[in-house]
Amino acid sequence: MTSPSLPALSPFWSRRAFLATGAAVGAALAVGLPRRASAAEDEFAQLRARWRSLYLGEGFSPTAEPFRSKLATLGAQARTWQGAMNPVAGSLWPDAVFGDPEPDTDTESYGYSEKIQTSYERVRVMAEAFCQPGTGLTGDASLKAAVLTAVDHLSTQVYNKSQAQFGNWYNFQIGAPQRLLDIAILMYEHLSAAQLTAAVEAIDHFVPDSLVAKYTGTSTGANRIDLCRVLALRGILDGTAAKVALARDAISPVFPYVTSGDGLYADGSLIQHTYVPYTGSYGAVLIDGLSKLFALLGGSTWAITDGGRQIFLDSVESAYAPFLHDGLMVDNVSGRAISRGLVATDQLKVQQDDHSRGHAIIASILLLGQGASAEENARWQGLAKGWFTRDRYSDVTTGRTLGVAALSRVATLLGDSGVKPAAEPAGHQVFPAMARAAHRSGRFTASVSMASKAITFYENGNGENVRGWHTGSGMLYWWADGDGAGGGQYSDGYWPTVDPYRLPGTTVSRKPLADAEGGTWGAARPDTTWVGGATDGTYGTVAQDLRGLSSTLRGRKSWFFLDDAVVCLGAGITGADGAGVESVVDNRNLGVAGTARLTVDGRPQPVSQGWNSAFPRARWAHLAGHGGYVFPGGAPLTALREERTGSWKDINGGGSADPVTRRYVTLLADHGTDPADADYAYVLLPGATEARTAARAADRDWLGVTVNSAAQQGVRVPSLGFTGVTFWEPGTVGKVSVDAPLIVQIRERRDGTATVSVSDPNRSVTGATLTWRRPVRSVTSKPGSVTGVRTGRELQLTFGDLSAAGGVSQKVVVRLN
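Per this note's numbering, numbering through the sequence shown is continuous, rising by one, with the last residue being 2103.
A couple of the hints might just be wrong.
As the list claims (entries may be wrong) - Distance condition first, Cα-Cα at most 25 Å in a straight line; then the derived PhoX-like pairs of lysine-lysine: (1) 1500 <-> 1447; (2) 1797 <-> 1935; (3) 1797 <-> 1739; (4) 1706 <-> 1739; (5) 2021 <-> 2068.
Stated by the list, open to error - Across the chosen pairs, the derived CB separations fall in these ranges: (6) 2004 <-> 1702: 27 to 33 Å; (7) 1661 <-> 1543: 21 to 27 Å; (8) 2015 <-> 1947: 45 to 51 Å; (9) 1698 <-> 1502: 37 to 43 Å; (10) 1495 <-> 1707: 43 to 49 Å; (11) 1543 <-> 1959: 30 to 36 Å; (12) 1424 <-> 1663: 29 to 35 Å.
What the hints contain is simulated information worked out from the structure, not anything from laboratory work.
In this text, all values refer to a predicted model and were calculated from it rather than measured experimentally.
For glycine and all other residues, C-beta sits at the position ideal for the given N, C-alpha and C.
Input sequences plus hints: build the corresponding full structure.
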């Protein structure tokens, strides 16, 4: 992609041209300038003004809440940083020493480089407080002097064209330059020519054009967009057209779908760090960066017009929306970010959780919509309004989760009576490339996380998420529909207090694990490829070949996602670690002082902390305010209440050491020490009342568990016309036979049609035959993978090579006799 050639502009004339335009910084600044700005210089000035608007926000009243309080808090923080500033060799603040550029250890080196970014972040806060109205420091001369002193000190001391990079590459190539560029554009009219020159020379030194020459290494996905933001703003800062064009063109490799490694997949998966599902964290950076670059460059000489941009626009509904629920972003696509109790925003340090991540992504969707079609923009505004208005756990209008700029866009949306809140997008979606599935019906939302050779058990790194060991061992997240306040289940002090060996839905060995067990950056991966599911878009059949992290544990797990329930089966559960093995039916967070009533088979259980009991043959259980659990045919159940205390520092070295205490009710299938071929079966009923749970347990006809073994797992629900089978091995289950390892789901409808959905999670089947002993009149639609069809007294489907299908469901629609 090319753009019209423009002359390279002097940073001095570009700066004066910006002042001359007057539109962005006030007409008074134009007095006495020697010449009229050129059209090219005007365009750079307009782009700087546009970035200021994107960064500072617009259309809000600084005297109205929540802006008044946010701006006052911003001013107070800036005053604190200004007062504590003490420029000396090696630091700008005493508690942020960037020290010796040749440190003795890698850990020390990383710490120093982090403090460079920290220092620039504080200066950026001060610059924003100077520029924003209502901070109490707006236009303050002493604050301006402090910002300029800080810029000079950091430039002289550590971030300059002569300094060698050390520590974490990210701090030098993304963290520090992004903040420096924001400061430079916010304070543009107050910086001298020498200061502007020093800034661009430092950035050119640490972020050379060669960093985006190849789409590889640390220059992919979200990191690539961060680098492009640096290059674009650096070019806009001094009017270097070639830099802006390079940034625009370097974005293009992010758009196409990938089939391995980092990036966006055709099935909606989004991966970073090669092995980590990252829609909610690096994906948040990706959509934030692209939405801002689309908005910044749109309509300019360097507008992003690559046809591939539509792939990313489509990802709003195919990749992001399935993991957004009532304002939150599901934790199972946020990697190590789940362990962060406190993070830095544009202004302050605030609590980070699934809601704050969700709010940021939804705000980015709103901004991205400005560069999408009118239809897409209208649809996304409706989705965003629905997500925000249903979030009663974390009200976005309090201003807790968003900066001023993003909040100003959200406030505009919420105040627009012409935009109606849209319902949650219903349906089931499997993400085979990242071993995740998401389900949404009229009654509940759920998501399951798994692991394979390609997808890590969990990610830890930089001392973060050191006890996330079992988050990929079949963890099942769920929220009942309409329970907006229940959105705090995994938000309210969950990660520092939950028993990391008893995450809901998982099957794990109680063998003790070390912090960061298995290695950093996604190194811990099981030796299996069987992870995936089949879906018709409404229901889903999902399966995981379970392998224990640093243990001998093996097992087979299947989930069947329906209208009001998830049927959960486990089989072949075996271990020889000399440790107990448990399958966790659920582990519900009751908050600080919750006493939700637990009923087992109609009998209320004690509410005292520390209580536990074993039920040899429980048929059903119910937890008030949460939901119900049915055990077909009866099953051993262990139940307990406990109050657990931990701290964010326990799971993240940079977290707060303040104690956090929460109460839990845990339901377990205890398989004992070193089990051999153990199993379990239960039905989860999110949001069900006690009466509905008891009625479902009494209805022997609703569910048929057709098989639950290490060879096959299957269920049938006649009232839904549903049949789901995981064929770990070829064979026959009920009326369905296959001659290859596959997942098969059949849904019969009242209109006389049925959908047969088949997937090859192993991606190794080169040919297969499926027989359904059910009279079928005709096949009305089929994918290209179906090479042969026979109808009549039974249906026979012959599939060709499925190994290249990426585990995606192959759907065949038939008309029944």
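Do the hints match the structure? See the list:
{"no.": "1", "hint": "1500 <-> 1447", "verdict": "23 Å, holds"}
{"no.": "2", "hint": "1797 <-> 1935", "verdict": "23 Å, holds"}
{"no.": "3", "hint": "1797 <-> 1739", "verdict": "22 Å, holds"}
{"no.": "4", "hint": "1706 <-> 1739", "verdict": "44 Å, violated"}
{"no.": "5", "hint": "2021 <-> 2068", "verdict": "21 Å, holds"}
{"no.": "6", "hint": "2004 <-> 1702: 27 to 33 Å", "verdict": "47 Å, violated"}
{"no.": "7", "hint": "1661 <-> 1543: 21 to 27 Å", "verdict": "23 Å, holds"}
{"no.": "8", "hint": "2015 <-> 1947: 45 to 51 Å", "verdict": "47 Å, holds"}
{"no.": "9", "hint": "1698 <-> 1502: 37 to 43 Å", "verdict": "40 Å, holds"}
{"no.": "10", "hint": "1495 <-> 1707: 43 to 49 Å", "verdict": "45 Å, holds"}
{"no.": "11", "hint": "1543 <-> 1959: 30 to 36 Å", "verdict": "46 Å, violated"}
{"no.": "12", "hint": "1424 <-> 1663: 29 to 35 Å", "verdict": "33 Å, holds"}
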